[in-house]
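Enquirer: Sequence:
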Amino acid sequence: MSKGFHWIHLVVSLLMLSLAGLAAGGSTAPLIKPPASAKVPPEVAFMRGFIEQINPALAIEDADCVEKLPRAIHEAATEHALPWQTLFVIAWQESDFDCHAKNRRDRGGAYGPFQIRRLWEPVIGDPRENYFDPQLATDRASKVLVYYRQTGKFDELLRRRFINPLLCLYNTGESQDVNMRYCQSIGDKARTLKRAWSEYVGARLVAVEDSAERARLTARRLATP
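Take 2 as the starting number for the sequence shown in the working numbering and just add one per residue.
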């Protein structure tokens, strides 16, 4: 055989060895894991399932709201150190989680999943603007709750007979200056939600084998207000 043939044979052999090495290395390379931020928090998954049970038509008519509202509530609650269940119950009571809900009977303006009145405009801006945006609506409701917490305006608002459903979250049912029927309704919803969340976490604990994940779920269950 000619020297040219030997050189060709050598090059082909080296190339095949190189490809074999790459294939071997690729077979042992670790899979790329999705970033932790891509994981859906248990609270968000629970809220989405709960909404579909309470308002199944919404999942068909406004799937975007069902998808985004729970995430917005979870993020706002974390940012403002608020209990996520508080925001979630308000959205349930006010609109059945409907991002496009309107209360036409309220001349003060009440729109979106939280039905925030226009009297809150000095604090949150015009609540009618983009009221259907889950992120914006949740942020506005959070600002109202933070306002209560930071200014201690609850008693003053009661004396002015400021009729706002959010007051019921800070009332034990003893005062007659608030809408007692509304307060009872939102209290019933809060208890229903608390029970459903506890059952949801309990079911997940049974299914989860990872000890670290079980510890996180247990902590969430114990932290339920």
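Worth flagging that the hints you see were computed from the coordinates, not collected in a lab.
Check the hints yourself; a few may be wrong.
Here are the simulated DSSO-like cross-link-like pairs (lysine-lysine), alpha carbons at most 27 Å apart as the crow flies [to be verified]:
| hint | residue 1 | residue 2 |
| --- | --- | --- |
| 1 | K195 | K40 |
| 2 | K195 | K144 |
| 3 | K69 | K195 |
| 4 | K144 | K190 |
| 5 | K144 | K103 |
| 6 | K103 | K40 |
| 7 | K69 | K190 |
| 8 | K69 | K103 |
| 9 | K40 | K69 |
| 10 | K144 | K69 |
Enquirer: Report the numbers of all earlier hints that the structure fails to satisfy, in ascending order.
Expert: 6
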